[in-house]
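Since the structure of chain A is already known, use the hints to place chain B on it.
One letter stands for each residue in the lines below.
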Amino acid sequence: MSSETLSQKIAPHEEFDGVLALRALLRAGLDVEVYPRQVVYAPARNGVDLSFVHGIPGSSGLGPVTYAQDKRMQRGLLERHGVPVPRSATFTMGRGISGAKRFARKVGYPVLVKPAVGDNGIETFRNIRSSGGIDAALDYLRTPPSERPGFSRAAYGLTELREPGEENGRIVVPPGYMFMVEKQLEGTYLRVLVSDGEVRSIIQCEGVPTDESFIGGTEILGQTHPSLNELALRAVAALPGLSLAAIDFVVENPVRPVDEQDLGVVELSERPALWVQARVDPTWAEQLAEDLVRRYATAEGHSLPEPRPSVSVTLEAHALPDATEGGQAIVEAATARGLQAEVTDVDQTAGTVYAKLSGDAGIVAHLVNEMLNGSIDEQRVMLAVVRPS
Amino acid sequence: MAHADSVTLDRLQAISYRSGNDAPRGRRRRFTNALVVVDASGPDEAMIRGLGEAQFRGRETGDRTEHSWKFLTECLELLHGRTIDCRSKPAALASIASVMAELSRRARARDQEWRPRIGLDKRSARRLMKQAAERAGVIEGAVPMAGALYGVETALLDVAARGLGISVASLLGDEPAPVARIQPVSAGNTTTAELIDDLKARSGDDSGDLPVWLDFQRKLSYSRALRRIRAVVRAAGRHEIGNEIVIRRALRFRDLGRRPALLRAVDEIVERAPHPVRVTIATDVVGVARRLSSLLMRRRRTRVVVVRPAAAGGLVAAAGMARDLKYAPAQRLYISDVELGGPIAAAALQHLAAALPGVQGVITHDHHGEQPDVVDGQGLDIAMPWETIVDAVNDLAVVPPEQAIGDRQPNTYSEVPFLQPIGPNGTKGHMMERQALSRGMSTIRFSKGAFVANDGVHEPLLFKWSRSPLSSASALALCTHKEATRLRLGRAGVPVPRGRTFRNGDFETARAFADSLGYPVVVKPAMGVRGIGVVAGIQDRSELDLAFDQLRQSKLGEQDFIVEKHISGKDYRIVVVGDEVIAAILRDPASVVGDGVHNVAELIIRKNATRRLNPHLWGRPILFGPAARYQLAREGLTLESVPPAGERVLLSNSCSLSQGGDSVDVLDELHPSVREACVAAVKAIPGLAFCGVDFLLEDHRKPLAEQEAGICELNAHAAIGNCEYPTYGKPREVARTFMDACIERYDLDVWQKPAEQLSLRLVVRGRVTGVGYREWMRRHAKTYGVTGWVRNRGRRSVEVVIAGETVAASALAAAAVLGPTRARPTSVTTEHVQRPATSDFSIVQRAPQELARVQ
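Chains as they are written, first to last, in the numbering used here: chain A, 259 to 647; chain B, 21 to 875.
Note that these hints are calculated values from the structure, not bench results.
Be a bit skeptical, because a hint or two may be false.
[Unchecked claim] Derived lysine to any residue pairs resembling SDA-like cross-links, with alpha carbons at most 25 Å apart:
| hint | chain 1 | residue 1 | chain 2 | residue 2 |
| --- | --- | --- | --- | --- |
| 1 | A | K441 | B | S817 |
| 2 | A | K441 | B | R785 |
| 3 | A | K364 | B | G790 |
| 4 | B | K502 | A | T607 |
| 5 | B | K502 | A | D605 |
| 6 | A | K359 | B | P840 |
| 7 | A | K359 | B | K502 |
| 8 | A | K441 | A | G366 |
| 9 | A | K359 | B | K239 |
As the structure is a computational prediction, the values presented were derived from the model and not from experiment.
Bound-form chain A, shown alone (with noise of 0.2 Å):
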């Protein structure tokens, strides 16, 4: 199957690197261990296994990516080494609704809001040119996150432990939820995707590539002045301890150096985001996932065979609520997007279901993908075992 229908498939952006490095291990012929909120494990024959969560090498640590989703910490970092950004500051809902609309007036409309904390690029509210629209940006955010439809937040992510308030009845957030105010920049998006010290690829975005009026793009890499990928190593070298991030430029020229034109960095996200890439060119996203698996996978010491495009393998599908009815709706569901499967056993007190699966690899994990998230007839499986056979 091509990726493109694979990406149109995969509704949820969230999901989409963690499907296309679970392909990608699925084609080297690895054992996987796929648990809830897509964390992937691949035994490693000969000592360290390799991990990931939704898409990101086990090489990412836990610091950086807490830096990485708060933006001031975020910002004070970029700003430390050089790397120009938008005036920006960040206010609390309790006490900083003032403080915000003066710091808008101070660094002139429009400007963006979002929230302070979390993955970057979603809830941003832009084109706000009162302070009218600071209040209906804030009038969202103060739904408590839990609540926001469609929000999602990465497994690794910060947990809201602080008591919700109540505004006139209404549950809101916290008084010391925090948002971020920002000076917009006008000019074209750059997304920059850098692995291991190396810019990867470089997309000149029709639109904004983390919201809906991005309508695709064209890649770059290569075409663009060199003085910008030396900026974008910089921001992340501004975050160490990042195996990779896709940075969000926005410049004036991308052919010009960047000391020579008005830009910033404007998102550093920690996960790969490679939806972008796909609106452009399915394959290469396809491409730039099995490349970082790859890459991580020799860093860790394995040598990976050459990639196969289809696979046959057992799947264990553990911890199912009703193992018959859920064997079932797997079998279904896997010959409803073109695959070959059939359940072998089923051990109903244990929960398990044993079974076989054979096609496309991105089918194979877009459908493990969906056994855990719970979309296939709300079966929801807690650990899928699948093997070559």
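Only chain B this time, still in chain A's reference frame:
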């Protein structure tokens, strides 16, 4: 007791406690009160207990909590062994007046001594002007330490009245008569619309024709107060609320000078109102403004006068003031408490009001239950309010000092005062930074939990709490999912409670599964919260069916559910770094041990006092909530029960240290098989370099094969302080070992041994000028015993040089990211410098010397 000629003050206690409530929009009001407990004896050696409540309310009572507490404990020392003459009422009052005069003199002296030195900057000049204005009677002021003196005097009056066999009201007046309580509507932290809605709802109550009392809480500016009054008058015109309104504390301090204008404006509003309405702005009278008070009383517009004993420095002073007021018949006198006072102070006010002829009512902010008997009762006729204070105690002072309770004494740690400014959870991030600094690394701090450590050679390391670069993001993602953790560990052969999730309603499969597991089992909802629907210790099929029924009927009955093997072991937290177990504690549920003397409440307060000397537990006291009430009721005890010596009273069934549990170091006793299982568990999760393993064990000394045991959770960002600062047993250097592992992994270029003394230069950026940052730093540096200086570097930056012991200097560096209330530091850069040549800490304009950086 029989009437005594005099009583001797044998034992005195002060118990400071937090009193707070939640105001609208998440604004918390919090104050400190202190109960004064005086045990006195007469010639027949019968004990009399007198109670009073000190109230520290900043400039409202002339107190600063820290200073007033110190002063209060000095008062206890001074009073110890003194006698109160109880031959007659005048003799008792004279005896108390003499003691109080001595204490008041000391209060004034201490106030002078402890008041911050006044510099020449703008802020200080403003403060000086304010003080001058207070003294001239232009704005309010209070007797120094009035709130503290009030508590002491009340307790002495209570003792004397009990010695005389009469009520405090009878001691203070000749013909006491009960006076009504009035509870004003708090109208300072609310919007006008909310206030009117609130008043409308109340007007349906049985308040009848009584005036509506509104308390603007000194929150409103002149124009806001006036707008609010107009709105209230309009509502009265629409008959939505009563037409007689009294407003107190109408203006914020800054606008007090506009009070005459407000009175004129209110008169105009009332005159123009189409319906008859009466609005009165109450006049609060305080101690030092006596001349002003008399002046106000002569004014035509002064109709309602409010006397606050807490601001006057005591009941006797307030009574004298009320008697001195030459008020006209049209003027009415009220006695008022301060906000968030406790039941003892409320009782004291009732007695004062009853003793004074002509008092119209007692204004009380909070409801304090039944009124005490002010006529025939003894003393204040109120018992110790244990329920109110037992889990809110900050500090305890006893004179003469008492022996520690029990044989086993909890650990106390001298660094607590250094760590308190960074909050109860501050140690988690700070302890790693302390290690980094002590090994010569420089740091950048962004919040009290997050810092970057740099050896100047290699890439910096990023930390937030115990989220380090050593562990991987994927390891945390797995560990925060319980079912995934169980499956992963189970596959690695590590003991876990066996169990699995079942679809809602699939009880048949679950029964078969429980049979195959073997009883006892636990049933719980798949995504449970707060223990809803959880049934543990299920012994057989019939109990299992009962548990299913209970689950079905619970709020979470619609969920899938888990059946799991029940392990009836104790709760252990075992810390693993790399391949090594480096710390292990047993977590015991909250409890106290009796001594045959103190009651349960006193034991809790004493235990919490020792918890306050533990950096990890000072913000985690034993709480007197539903769990503690349930446990006490089960054992047939109350807070007043006195458990026999050596008897352990359980106060919770949870082992959580946050719920008041104790930690006991057991590392050296850990059986090798337990250690091996912990290391195996951590190794089963790729990228997990630091982990707190939660292990249920019957006995940590026994081999795993000989007991029921299971790992129920892995914490990839576990707390560090719980093993560094155990309640009992040997503290373990978790942070040091963790940092050593980082140093080894990244081959960092650091000092071989941790330094015991540090000299640091901090650059603090953000809103740090014009907010009292330098003065805040100077005060803390003095308290921490470090030397150096602080200076402004620019509009948004301050430079601080500190030199001193590592524990103190690094803690101050961590606290620097918080600063005083109005400051908003965004980052603090800390680097090592040469030791400064100074033996003091001062605020300077220019750095007195150039300090070279030390690598």
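Evaluation of the provided hints:
With a CA separation close to 23 Å, the supplied pair A:K441 and B:S817 stays within the 25 Å bound. Taking the CA atoms of A:K441 and B:R785, the gap is near 21 Å; set against the 25 Å cutoff, the hint holds. For the hint linking A:K364 to B:G790, the alpha-carbon distance of about 20 Å falls within 25 Å, and the restraint holds. Of the supplied pair hints, the one linking B:K502 and A:T607 holds, its CA atoms being roughly 20 Å apart against a limit of 25 Å.
For the hint linking B:K502 to A:D605, the alpha-carbon distance of about 22 Å falls within 25 Å, and the restraint holds. For a cut-off of 25 Å, the pair hint linking A:K359 to B:P840 stands: about 24 Å separates their Cα positions. In summary, the hint linking A:K359 to B:K502 is not supported, as the alpha carbons are separated by about 43 Å, beyond the 25 Å threshold. Proposed proximity of A:K441 and A:G366 is supported: the alpha carbons are some 7 Å apart, at most 25 Å.
Between the alpha carbons of A:K359 and B:K239 the distance comes to roughly 23 Å, so the proposed pair stays at or under 25 Å and holds.
Checked against the numbered hints above, the structure violates only hint 7.
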